[in-house]
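Participant: Sequence order for the protein chains is A and B.
With UniProt numbering applied, the first sequence covers 1 to 271.
With UniProt numbering applied, the second sequence covers 1 to 471.
Treat the hints loosely; a few may be bogus.
[Claimed, not checked] Calculated pairs, DSSO-like style, for lysine-lysine (alpha carbon to alpha carbon, straight line, at most 27 angstroms):
1. Lys191(B) with Lys162(B)
2. Lys435(B) with Lys401(B)
3. Lys15(B) with Lys185(A)
4. Lys401(B) with Lys453(B)
5. Lys102(B) with Lys40(B)
6. Lys37(A) with Lys73(A)
7. Lys435(B) with Lys412(B)
8. Lys453(B) with Lys185(A)
9. Lys275(B) with Lys102(B)
10. Lys191(B) with Lys275(B)
11. Lys172(A) with Lys15(B)
12. Lys40(B) with Lys226(A)
13. Lys453(B) with Lys464(B)
14. Lys226(A) with Lys453(B)
15. Lys162(B) with Lys15(B)
16. Lys73(A) with Lys102(B)
17. Lys435(B) with Lys185(A)
18. Lys172(A) with Lys226(A)
19. Lys185(A) with Lys412(B)
20. Lys279(B) with Lys102(B)
21. Lys453(B) with Lys435(B)
22. Lys401(B) with Lys172(A)
23. Lys191(B) with Lys279(B)
24. Lys191(B) with Lys15(B)
25. Lys185(A) with Lys226(A)
26. Lys40(B) with Lys15(B)
27. Lys185(A) with Lys401(B)
28. Lys15(B) with Lys102(B)
29. Lys401(B) with Lys412(B)
30. Lys172(A) with Lys279(B)
31. Lys226(A) with Lys435(B)
32. Lys185(A) with Lys172(A)
33. Lys464(B) with Lys37(A)
The hints are simulated quantities; they were obtained by calculation from the structure and are not laboratory data.
Listed below are the residues making up each chain.
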Amino acid sequence: MPPIPDTIYFFGTCLVDLMYPQAGVSAMQLIQRAGVKVIFPPAQTCCGQPAWNSGYRDEARSVARAQIALFPKPIPIVIPSGSCAGMMKVHYPELFAGQADEAQALDVANRVYELTEFLVDVLHIELQDLGEPVTVAVHTSCSARREMGVADKIESLLGQLSNVQRVEHARKPECCGFGGTFAVKEPEISAAMVLDKVTHIRHAQPDRLISQECGCLLNIGGTMEKQGDAIPHQHIAEFLWERTSMASTSLSQRTDRSLSVVEGNTTEGTP
Amino acid sequence: MTSTFRTTVRANLAKPEVRANFYRAMDGLMTRRLDQFPDKAELERLRTQSMAIRANALSKLPELLETLEANLTRNGIQVHWAETPEQGNQIVQAILERHNAKSIIKGKSMVSEEMGMNHFLEALGIECLESDLGEFIIQLDGETPSHIIMPAIHKNRVQIAKLFHEKFPDIPYTEDVDELTQMARRILRDKFYATTVGLSGVNFMVAETGTLCLVENEGNGRMSTTAPSVHIAVTGIEKVVESLSDVPPLLSILTRSATGQPITTYFNMISSPRKPGEKDGPEEVHLVLLDNGRSNIYSDPELLATLRCIRCGACINHCPVYVRIGGHSYGTVYPGPIGSILEPQKAGLDVHGELAQASTLCGACSEVCPVRIPIPSILNRLRYDGVRRDTANTNTVGSGKRRTLSEAATWKTWAWAATHPTIYHAGSTLATHFKGMLPTNLGAWTTVRSAPKLAESTLHQQVKNLGVDHE
Ligand code: SF4
């Protein structure tokens with residue numbers, strides 16, 4: 001069991017940055033509440049996964065190299081996404097194999113944790129549920145499930161919440177059809193997949209859908225919305241923060257709370 | 001440009017009946033496989049063992065093939081090498097001509113599909129009769145297999161009943177599966193005795209003993225390999241294993257992964273033609289070993305794992321893409337995840353490279369593959385080969401042929417922005433400020449989904465606005 005660190009790096013991912021910033025804020029708040037200092041290197045952009053998955057390895061490598069430089073200290077790097085964590089943990093070593101900076105890439109890979117994994121295995125977080133009774137369905141991203149092998153962590157976190165009841169849906173381990181550029185390159189197949197996923201989730205009638213992956217949430221949530229009668233969806237970090245701090249769901253209110261995140265140095269100089 | 005693949009996919013997605021057939025069948029197969037492996041640790045142990053057996057065989061492939069040929073020849077089995085499907089077909093043709101055979105009865109063989117054998121022989125006026133029930137059904141309908149284990153899986157019982165009634169109007173209409181099976185059996189039974197040449201595939205070839213192993217469920221494989229006086233086996237060069245003791249673990253994981261059966265109904269071990277004094281078996285046994293791009297795959301250490309495949313079809317059964325589009329959409333002999341890595345390598349990335357894109361990389365295939373083929377990694381490698389510039393460093397056929405100027409430029413720009421944080425963040429800040437002006441119609445994405453909504457402010461801005469210290 002790794003010891004509880006004093007300080008961690010937080011890598012926010014580009015989807016969280018643009019679409020679901022509240023997930024990033026909540027994740028950092030959860031970690032800070034446990035007495036751990038958070039460094040958010042402001043020069044972070046993207047882990048490089050889109051180019052890597054599209055076969056553009058040189059481009060992926062240059063972007064990945066820029067991220068690697070942002071995490072020099074020997075402390076954990078926590079990522080609120082299974083697929084970006086998988087990129088850094090599993091694919092950086094492949095991408096940098098035989099390169100001059102292979103050692104740095106391996107060092108980063110060894111320090112990467114997907115958020116729920118970090119909360120459960122490293123922080124041993126204890127949650128006290130302050131919320132009203134609610135039923136949730138869980139969607140685990142394929143990268144969290146298979147690449148990172150951490151599908152059980154989100155379940156065990158939710159299991160700690162006394163007023164949260166999990167409901168199961170059919171074909172739960174099946175991919176939602178997002179797959180990064182797949183949704184764009186093979187839109188018809190992707191659509192068929194996500195429509196089935198939505199049907200299965202609706203059938204289970206949860207009050208909310210929870211996942212640790214913003215890509216999947218964007219896909220499933222966007223489909224529910226377009227088809228009408230959307231089930232509210234949330235990133236696990238936001239849900240956990242809401243349940244255990246009784247924070248309002250409104251973004252402005254929540255960011256007014258005192259959040260002391262430490263920004264790290266950038267490679268380009270601080271803004 | 002809309003490719004053939006995309007056109008077929010679109011057409012097949014629009015057939016709810018076919019999709020339902022696949023969905024139903026695959027759910028059953030997944031459950032049955034799961035029931036076969038109650039002990040997860042035991043499954044993982046067996047997977048590692050099976051992977052090791054296959055990896056070992058491939059590590060000394062040329063030498064094992066030599067041993068195999070020597071031992072088969074010593075046993076009286078005639079060995080033929082075919083580099084291309086055409087050569088394979090010509091070998092079969094020559095054997096048929098020597099025996100004046102005007103027809104051939106076939107057990108299940110995906111390699112014969114790879115060779116387009118039926119087509120080739122029929123053009124020469126030779127009748128090819130498929131004796132595997134699934135193959136028999138699709139042959140009646142003029143189709144190709146949609147799955148490597150269950151060729152007619154895209155059809156349901158009623159469709160098959162109608163097909164039989166149309167082709168055999170004299171026989172009363174029935175939807176009873178047992179009766180339909182009996183009907184096919186009766187039609188085929190006489191053919192086995194009337195035909196001189198039988199053909200089969202091979203599951204494993206044992207180098208040390210010169211034995212051909214054949215796994216099947218219906219008995220048609222046994223009939224095809226014993227009733228006619230000549231038996232021709234066709235298979236790929238990669239199917240060799242070193243020793244007899246390699247077979248039981250592979251067999252055990254093969255049947256359980258494929259159809260969820262603890263053991264197969266028939267397991268044939270063919271080690272020689274009929275010997276003097278023996279009552280049955282063919283007088284001649286031939287083995288046609290097909291390369292068809294396999295030695296090229298063999299020459300690349302990263303792609304070599306493709307050849308570990310034991311053709312169980314588990315990756316296909318668990319693939320969320322396959323289950324929606326069906327096997328025919330791929331336009332190849334091998335569909336699903338294994339097809340998506342094998343076919344582009346065989347035919348070239350310029351021909352079938354698109355299949356490497358037809359995956360979300362969800363990893364369901366590699367999670368079940370009994371020989372642990374890292375299918376997503378190989379897909380990733382093929383995507384790379386498709387668009388790479390330094391094609392001198394790869395053997396993959398069609399490398400670099402999928403590179404387009406516009407796509408390459410897009411990724412270049414993206415990489416430039418993502419390595420210049422100030423510009424990247426200025427861009428995302430602008431995007432969030434002017435989100436009202438962003439398009440709400442994003443082409444394919446918005447056909448079933450609403451447009452992604454940008455947050456009021458980015459995470460970067462929120463972190464900054466909190467007035468935190470720099471380190
Ligand atoms: S790739 Fe693996 S799972 Fe797929 S058919 Fe081959 S052995 Fe079976």
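Participant: Hints first: check each against the structure and report whether it holds.
Facilitator: Now for the hints, and whether the structure bears them out:
no.	hint	result
1	Lys191(B) with Lys162(B)	holds, 23 angstroms
2	Lys435(B) with Lys401(B)	violated, 37 angstroms
3	Lys15(B) with Lys185(A)	holds, 21 angstroms
4	Lys401(B) with Lys453(B)	violated, 36 angstroms
5	Lys102(B) with Lys40(B)	violated, 51 angstroms
6	Lys37(A) with Lys73(A)	holds, 13 angstroms
7	Lys435(B) with Lys412(B)	holds, 25 angstroms
8	Lys453(B) with Lys185(A)	holds, 21 angstroms
9	Lys275(B) with Lys102(B)	holds, 26 angstroms
10	Lys191(B) with Lys275(B)	holds, 24 angstroms
11	Lys172(A) with Lys15(B)	holds, 24 angstroms
12	Lys40(B) with Lys226(A)	violated, 40 angstroms
13	Lys453(B) with Lys464(B)	holds, 21 angstroms
14	Lys226(A) with Lys453(B)	holds, 13 angstroms
15	Lys162(B) with Lys15(B)	holds, 18 angstroms
16	Lys73(A) with Lys102(B)	violated, 76 angstroms
17	Lys435(B) with Lys185(A)	holds, 24 angstroms
18	Lys172(A) with Lys226(A)	holds, 22 angstroms
19	Lys185(A) with Lys412(B)	holds, 19 angstroms
20	Lys279(B) with Lys102(B)	holds, 25 angstroms
21	Lys453(B) with Lys435(B)	holds, 8 angstroms
22	Lys401(B) with Lys172(A)	violated, 38 angstroms
23	Lys191(B) with Lys279(B)	holds, 20 angstroms
24	Lys191(B) with Lys15(B)	violated, 36 angstroms
25	Lys185(A) with Lys226(A)	holds, 20 angstroms
26	Lys40(B) with Lys15(B)	violated, 37 angstroms
27	Lys185(A) with Lys401(B)	holds, 17 angstroms
28	Lys15(B) with Lys102(B)	violated, 39 angstroms
29	Lys401(B) with Lys412(B)	holds, 18 angstroms
30	Lys172(A) with Lys279(B)	violated, 55 angstroms
31	Lys226(A) with Lys435(B)	holds, 19 angstroms
32	Lys185(A) with Lys172(A)	holds, 24 angstroms
33	Lys464(B) with Lys37(A)	holds, 16 angstroms
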